[in-house]
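Engineer: Here the protein sequences come in this chain order: Y and P.
Converting from the first sequence to the numbering used here requires adding 339 to each position, the first position being numbered 1.
Converting from the second sequence to the numbering used here requires adding 5 to each position, the first position being numbered 1.
Among the hints, erroneous ones may be present.
Unchecked claim - Distance windows between CB atoms, simulated:
#1 Y:497 <-> P:368: 27 to 35 Å
#2 Y:497 <-> P:318: 53 to 61 Å
#3 P:359 <-> Y:497: 54 to 62 Å
#4 P:294 <-> Y:438: 53 to 61 Å
Claimed, not checked - Straight-line alpha carbon distances no greater than 27 Å define the calculated DSSO-like cross-link-like pairs of lysine-lysine that follow:
#5 P:213 <-> P:166
#6 P:194 <-> P:100
#7 Y:480 <-> P:213
#8 P:100 <-> P:244
#9 P:166 <-> P:193
#10 Y:480 <-> P:214
#11 P:359 <-> P:268
#12 Y:480 <-> P:194
#13 P:100 <-> P:188
#14 P:100 <-> Y:480
#15 P:194 <-> P:166
#16 P:100 <-> P:359
Hint data in this document are derived by calculation from the structure and do not stem from the laboratory.
Given the structure is predicted, the values throughout are model-derived calculations rather than measurements.
Just so it is clear, CB atoms sit at the ideal spot from N, CA and C, and this is done for glycine as well.
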Amino acid sequence: MSIIEAKLNGIASQTGKVKIIVAAIILIIMGTLPFWGSGYMTNVFLLIFLYMSIGMMWNLLSGYAGLTSLGQQAFIGIGGYSVAVLTQVYGLSLIWGFAVGSVVGVVFALVISMPIFKMNGAYFTIGTWIIAEALYIFFVKWEFVNYGIGYPITAAYGIPMWGLYLASFIVGIGSIVIVTLLLKSRLGLTLMAMRDDSGAAEVRGVKLYRTKLICYLIAAFWVTITGCLLFLNQAYIVPSSAFTIDWTIACVFIVIIGGIGTIEGPIVGAVIYVFLRQILYGFPGISNIILGIIAIIIIIVAPKGIMGYLNNKFNLDIFSIRRRIKR
Amino acid sequence: MKKRTRFFAFFLAFLIVILASFSGCGNGEGDIATGGEAGEKSEIVIGYVGPFTGPLSVFTVAFDWVTEKALEEINADGGIYIEAYDKKLPVRVIKGDSESNATKASEIASKFVLDHNVDILAASWTPETSAPVSAVAERYSKPCLISNSPADSWLEGGPFKWSYGLMFYVESMMASYIDGLDKLDTNKKVGFLFDSEVDGVTFSALLKKMLPERGYEIVDPGRFAMATTDYTNIITQLKEAECDIVMGNQILPDFTTAWQQFKQLSYVPKAMVIGKAIAYGSDVVALGGDLGVGLITEIHWDRSFPYTSSLLGLSCEEFASLWESENNSQYPATSLGYDLALFEVLDIALNNCKDLESATIRDQIAAVSYEGIYGKLSFDENNVMNIPIVAGQWLEGETWDYEPIVIGPGNFPIIPAQDPIILPGTTRQ
Numbered sequence: 340m341s342i343i344e345a346k347l348n349g350i351a352s353q354t355g356k357v358k359i360i361v362a363a364i365i366l367i368i369m370g371t372l373p374f375w376g377s378g379y380m381t382n383v384f385l386l387i388f389l390y391m392s393i394g395m396m397w398n399l400l401s402g403y404a405g406l407t408s409l410g411q412q413a414f415i416g417i418g419g420y421s422v423a424v425l426t427q428v429y430g431l432s433l434i435w436g437f438a439v440g441s442v443v444g445v446v447f448a449l450v451i452s453m454p455i456f457k458m459n460g461a462y463f464t465i466g467t468w469i470i471a472e473a474l475y476i477f478f479v480k481w482e483f484v485n486y487g488i489g490y491p492i493t494a495a496y497g498i499p500m501w502g503l504y505l506a507s508f509i510v511g512i513g514s515i516v517i518v519t520l521l522l523k524s525r526l527g528l529t530l531m532a533m534r535d536d537s538g539a540a541e542v543r544g545v546k547l548y549r550t551k552l553i554c555y556l557i558a559a560f561w562v563t564i565t566g567c568l569l570f571l572n573q574a575y576i577v578p579s580s581a582f583t584i585d586w587t588i589a590c591v592f593i594v595i596i597g598g599i600g601t602i603e604g605p606i607v608g609a610v611i612y613v614f615l616r617q618i619l620y621g622f623p624g625i626s627n628i629i630l631g632i633i634a635i636i637i638i639i640v641a642p643k644g645i646m647g648y649l650n651n652k653f654n655l656d657i658f659s660i661r662r663r664i665k666r
Numbered sequence: 006m007k008k009r010t011r012f013f014a015f016f017l018a019f020l021i022v023i024l025a026s027f028s029g030c031g032n033g034e035g036d037i038a039t040g041g042e043a044g045e046k047s048e049i050v051i052g053y054v055g056p057f058t059g060p061l062s063v064f065t066v067a068f069d070w071v072t073e074k075a076l077e078e079i080n081a082d083g084g085i086y087i088e089a090y091d092k093k094l095p096v097r098v099i100k101g102d103s104e105s106n107a108t109k110a111s112e113i114a115s116k117f118v119l120d121h122n123v124d125i126l127a128a129s130w131t132p133e134t135s136a137p138v139s140a141v142a143e144r145y146s147k148p149c150l151i152s153n154s155p156a157d158s159w160l161e162g163g164p165f166k167w168s169y170g171l172m173f174y175v176e177s178m179m180a181s182y183i184d185g186l187d188k189l190d191t192n193k194k195v196g197f198l199f200d201s202e203v204d205g206v207t208f209s210a211l212l213k214k215m216l217p218e219r220g221y222e223i224v225d226p227g228r229f230a231m232a233t234t235d236y237t238n239i240i241t242q243l244k245e246a247e248c249d250i251v252m253g254n255q256i257l258p259d260f261t262t263a264w265q266q267f268k269q270l271s272y273v274p275k276a277m278v279i280g281k282a283i284a285y286g287s288d289v290v291a292l293g294g295d296l297g298v299g300l301i302t303e304i305h306w307d308r309s310f311p312y313t314s315s316l317l318g319l320s321c322e323e324f325a326s327l328w329e330s331e332n333n334s335q336y337p338a339t340s341l342g343y344d345l346a347l348f349e350v351l352d353i354a355l356n357n358c359k360d361l362e363s364a365t366i367r368d369q370i371a372a373v374s375y376e377g378i379y380g381k382l383s384f385d386e387n388n389v390m391n392i393p394i395v396a397g398q399w400l401e402g403e404t405w406d407y408e409p410i411v412i413g414p415g416n417f418p419i420i421p422a423q424d425p426i427i428l429p430g431t432t433r434q
């Protein structure tokens with residue numbers, strides 16, 4: 340082993356240690372937040388983790404797999420309704436809501452994947468949106484889910500703040516871990532090859548349909564779980580709030596502002612998005628306009644998002660998914 | 006490597022700064038339960054969540070004006086005397102915009118409780134606001150007063166320990182409609198035009214029980230999604246069934262589309278009863294032409310009500326006139342009454358509080374029994390103050406383009422009513 344190689348390995352090892360220490364400190368601080376922070380701080384970070392989770396999954400689809408979906412609200416709604424129906428109508432425990440919701444979400448994703456994966460680009464995007472809208476109309480006319488009346492989720496009243504926060508924390512951090520591991524795996528390589536040039540990737544042996552499907556099902560599963568928590572936090576669900584495209588708009592904002600195609604992007608984007616919403620509540624009527632102007636300014640200044648800009652400028656790569664050739 | 010390490014250090018510092026800055030927000034959960042330290046309290050804060058933008062924003066048009074009038078009165082002598090602090094505390098209202106969206110309503114209510122540490126949560130208008138705000142109140146054990154939302158759907162989230170409502174029961178609303186319809190010469194065939202939103206489903210289900218009991222036959226084409234743009238199929242079914250009466254509940258843009266299509270298809274029923282869409286004179290004008298003449302709707306408050314405000318000391322007529330003279334526009338009947346009633350109840354409850362513990366405020370809200378802008382009221386076993394609701398008809402007015410008359414008092418016979426005058430179907434075909 341040459342001296343240079345030894346030095347490089349030493350540097351890499353040192354960087355790895357710094358990363359682990361910083362990550363551990365952050366996780367400890369955030370994981371224990373409800374026990375030392377104020378209720379408001381806990382609630383804000385709870386929202387950050389949930390929005391981070393749906394943003395991370397949208398980034399996985401759009402930023403890495405080239406599947407730009409405008410229909411992620413379908414899975415959020417399925418998650419919320421699973422919890423509501425099973426706890427409110429059948430009196431089952433919350434865990435059943437999560438279990439059934441995740442299964443229904445994945446099965447639904449599997450079913451709709453058959454027609455929409457035959458579409459590409461803008462057609463796929465519009466197809467996912469239409470399916471989510473159709474699901475909304477179906478729910479408002481479906482007696483089993485109480486039409487458009489929806490449900491209060493009274494089981495949520497008794498959940499302590501720290502319990503809901505920790506569940507959201509796990510889901511938020513879990514989304515980072517899932518995406519990072521996925522992208523570091525062989526599947527991650529195929530995803531990026533597919534995103535960059537699906538034709539070339541297919542010629543080189545990448546199984547497009549299978550790769551897309553795995554990615555789509557993982558995102559569906561995690562977004563459904565996140566939807567369960569979003570509506571537990573809200574304790575009330577109606578189709579108009581469950582299947583609103585606002586959820587996907589939030590994802591797009593978070594990812595575009597934070598940096599599409601980066602793992603750090605949705606984290607930064609979620610923090611900014613939730614903070615802005617907290618600040619802008621005091622501007623009734625113009626809050627969305629202000630949000631839009633901020634988004635436009637950031638897109639003009641940093642077209643690749645904040646983390647894309649910082650990564651280019653400072654060569655940062657916090658959640659590195661680069662492969663190193665073993666020597 | 007150095008750059009990366011610096012970045013990590015920066016990231017950690019950034020996180021700590023964020024956490025530190027948030028530590029300064031709110032007073033922590035301990036204070037939320039106690040309502041703040043006795044010596045530090047300088048005001049009573051009410052956090053109000055309402056739809057100030059979005060499709061329901063029309064209902065909050067009077068809130069700022071009524072708040073100003075109410076607070077002028079409440080804070081006139083320095084505020085409300087609270088024994089625990091041995092001083093008068095002024096009342097302040099902070100408002101948040103739900104954007105007519107349940108998710109936003111929930112987020113804002115949480116912010117009010119956890120960040121602003123409000124003493125009371127308040128919210129108004131439709132289940133999309135009332136249900137999520139009540140849920141937040143129940144979760145954080147914060148007294149909450151909701152105004153104007155159908156009690157029936159709100160109660161599905163109960164039983165409530167912390168939330169109270171100034172609301173109407175849907176049965177009262179339907180009884181008043183049927184009272185008005187009884188006065189008309191029709192074939193008693195009622196066609197439904199109810200969408201699949203909360204109100205549409207609830208109202209149509211109740212009418213299916215009540216109308217046959219009163220001798221009416223129902224023709225129901227089924228529920229449809231909000232923002233539907235083509236009503237041809239529904240209108241054709243109602244026309245073929247020869248319904249003299251059509252009853253529905255829609256927001257204004259949807260009803261405008263539907264009502265114009267009724268006319269285009271040459272089917273104008275003798276009576277068109279439509280909830281929510283035409284709560285205000287300006288809504289009726291917005292229909293265009295004379296499309297609003299004779300339409301029947303619910304009246305949540307009217308200048309003709311024989312009551313006097315406990316807070317302002319004004320009769321309904323005087324209160325409506327005050328709006329019109331100061332704002333140079335027709336009084337927004339639905340909002341004006343409910344907004345004032347909200348402050349009347351809060352004023353009485355707070356004046357009876359010896360301290361500002363959440364439980365004390367909650368108990369004093371529950372104990373309110375008073376006579377005000379809606380007459381004599383107190384909370385029932387469901388935490389609901391049963392607010393009068395009557396059926397009215399829009400007619401061309403002398404002062405304003407359209408003015409309503411009360412035609413069906415329903416469960417509130419003390420409210421004077423007139424006979425309906427014009428049948429839409431008799432004036433155009």
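Engineer: Evaluate each hint against the coordinates.
Structural biologist: Results of checking the hints against the structure:
1. Y:497 <-> P:368: 27 to 35 Å: violated (22 Å)
2. Y:497 <-> P:318: 53 to 61 Å: Since residue 497 of chain Y and residue 318 of chain P have Cβ atoms about 44 Å apart, the given range 53 to 61 Å is violated.
3. P:359 <-> Y:497: 54 to 62 Å: With Cβ atoms ~30 Å apart, the hint is violated.
4. P:294 <-> Y:438: 53 to 61 Å: Holds, since residue 294 of chain P and residue 438 of chain Y (Cβ atoms, about 57 Å apart) stay within the stated range.
5. P:213 <-> P:166: Since the Cα atoms of residue 213 of chain P and residue 166 of chain P sit roughly 32 Å apart, the hinted pair is violated (cutoff 27 Å).
6. P:194 <-> P:100: violated (45 Å)
7. Y:480 <-> P:213: holds (17 Å)
8. P:100 <-> P:244: violated (46 Å)
9. P:166 <-> P:193: With a Cα-Cα distance of about 43 Å, the restraint between residue 166 of chain P and residue 193 of chain P is violated, given a limit of 27 Å.
10. Y:480 <-> P:214: Holds: residue 480 of chain Y and residue 214 of chain P sit about 20 Å apart, inside 27 Å.
11. P:359 <-> P:268: At roughly 60 Å apart (the allowed maximum being 27 Å), residue 268 of chain P and residue 359 of chain P break the hint.
12. Y:480 <-> P:194: holds (24 Å)
13. P:100 <-> P:188: Violated. Residue 100 of chain P to residue 188 of chain P sits at ~43 Å, over the 27 Å cutoff.
14. P:100 <-> Y:480: violated (34 Å)
15. P:194 <-> P:166: violated (43 Å)
16. P:100 <-> P:359: Distance of about 26 Å is within 27 Å: holds.
The earlier numbered hints that this structure contradicts are 1, 2, 3, 5, 6, 8, 9, 11, 13, 14, 15.
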